[in-house]
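Asks: What follows is the residue order along each chain.
There are 2 protein chains.
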Amino acid sequence: MSQLLVVGSVAFDSVETPYGKREKILGGSANFFSISASFFTPVRMVGVVGNDFPAKHVEVLNARGVDTEGLQWKDGETFHWSGWYGDDLNQAHTLDTRLNVFETFSPELPNSYKDSSTIFLANIDPELQLQVLEQVPKPRLVACDTMNFWISGKRQALLKLLKKVDMFVLNEQEIRDLSGEKNLLSAVEWIREQGPQIIVVKLGEYGAMLFTKEATSWAPAFPLEHVRDPTGAGDTFAGGAIGYLSQVDDINESHLRRALAIGSVMASFNVERFSFDNLLQIKPEDIQERYEKLRKMVSFEDGPLPIRSL
Amino acid sequence: MSQLLVVGSVAFDSVETPYGKREKILGGSANFFSISASFFTPVRMVGVVGNDFPAKHVEVLNARGVDTEGLQWKDGETFHWSGWYGDDLNQAHTLDTRLNVFETFSPELPNSYKDSSTIFLANIDPELQLQVLEQVPKPRLVACDTMNFWISGKRQALLKLLKKVDMFVLNEQEIRDLSGEKNLLSAVEWIREQGPQIIVVKLGEYGAMLFTKEATSWAPAFPLEHVRDPTGAGDTFAGGAIGYLSQVDDINESHLRRALAIGSVMASFNVERFSFDNLLQIKPEDIQERYEKLRKMVSFEDGPLPIRSL
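Protein sequences, first through last, are from chains A and B. Residues in the first sequence are numbered from 1075 upward in steps of one, following this note's numbering. Residues in the second sequence are numbered from 1075 upward in steps of one, following this note's numbering.
Hints were generated in silico from the structure; no laboratory data involved. Wrong hints could be hidden among the right ones.
Note that the list lumps identical chains together, so a pair holds whenever it fits in one copy or between two copies.
Claimed, not checked - Simulated pairs of lysine-lysine, BS3-like, Cα-Cα distance not exceeding 25 Å:
1. Lys1095 with Lys1256
2. Lys1370 with Lys1234
3. Lys1256 with Lys1228
4. Lys1367 with Lys1287
5. Lys1367 with Lys1256
All values reported here derive from a predicted model rather than from experimental measurement.
Whole structure, please, built from the sequences with the hints as guidance.
Replies: Pasting the structure below:
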């Protein structure tokens, strides 16, 4: 069985959306990723928290097969992000970012993590993402995320990292900014030349696309009556997709396409409620049911169309 | 065989996009719809042109099985729209709208059109859309489009029209403005209560969704390396979808979903070049090939997912 490792943030979020307001709820990319991926595989988590972090949450993670040996505890406060969303829930507005113990984070892997075969480098400084990779000798699949802050501020480190990355997960604006290409297919081609051969472009409420040399895939977003808090959607998506991929024998087109749809389904559960409120209460049959609905939404009948010759 | 009728504009467009500039090229909703639909069925066109309209273009339409008996020729100039698109090709900016002979357009159907069974009411004054419907006693499927100008300016006439419409085709902003609902599913529910039981929401570069009481479908847009002019994409989409539907025995979910994908494919050809430059040169096999590619892009394997019980 493949061993899945994630490095990223473990955080408190204070969030306001048109549907409510929450103070210091649990968040962070490593957290969203792990809880989502735990539906498909055990996970090894690398991150840092302060001594204000609730032990109870760590118990929740452990109970789901998330190994927290790589979670560092430091004197001080846990990373705390505050922000809000307006009617356009695709757009997060940051009010305050207190890095706290995350500011001096240096990812050190326990020995027991070093045989990890699948790695997800969530959105952190690309120099730290590289530092993690250096500690894992033989990964089968390396995936990473990033953000505009690193695209503009640490471009060289990011490009160095990309040479070692198989699967790059980013959003539309990020891929355009990094590549300098307006057309999505041209941007994807540019990224491919930097290293990653699997490129996932997250489209928010429009789903996500996946590009390989051989094929293009698209999973729509699952249509929802209530989107209450989009925080963590991207990492929940990645957790579902990469959690699934870490368990398949062969990273082929069929599995990649399935991973894309699973990611979309997992993200849909996440955004329906704040923090992990929904992810921690859904059942395997809920995931299966939504996957089947998504599959049917885009199932077009095969065979010749009745096209006239003109 | 079902008889398909379209009423809409036949126009000259002067268009500038980041990829070029064209003066007084052929356009208009009835034109885009008809040329697209002609790949699937003969079409009956209702519209108005001035005596500056090129007879050669009418010959092109006739050669494709588009009946122009319902095309009125008036003294004066043909409707002329001028506009431009910036990098966001989803957003048209109007520079000038000269209605010319279209200003006093009163759709009168030739007797030979009155047994039409499928009708597409392209985006014109809802009072004129109603006037067309009154002349066709027994349609099987009535579809219509609209725009913000009528949503705010002729709301009552539009709501009166919708009671007689089976299939409503509109974009995201329009459905939100008309319904007053921000959530798409709530907006769709609101529209359904006004009459139309088939609701198609066009998402521009993200494809289109189709809602019935029973199911939701989504066709992505076909990814393109070159989008040169999005003018007419919505009507070309409608032409493909409704042209196909006019020929099927039964308007069921399977055919509706196929229609959605066909619409997306037809629109993708349209936007690759200006005016009808691409639509008039593609072959049946081009349509079939792109449909198959679109189908594969969203083909997710059936069967149980390897979900852990937690």
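Asks: Could you work out which of the previously given hints the structure breaks and list their numbers from low to high?
Replies: 2
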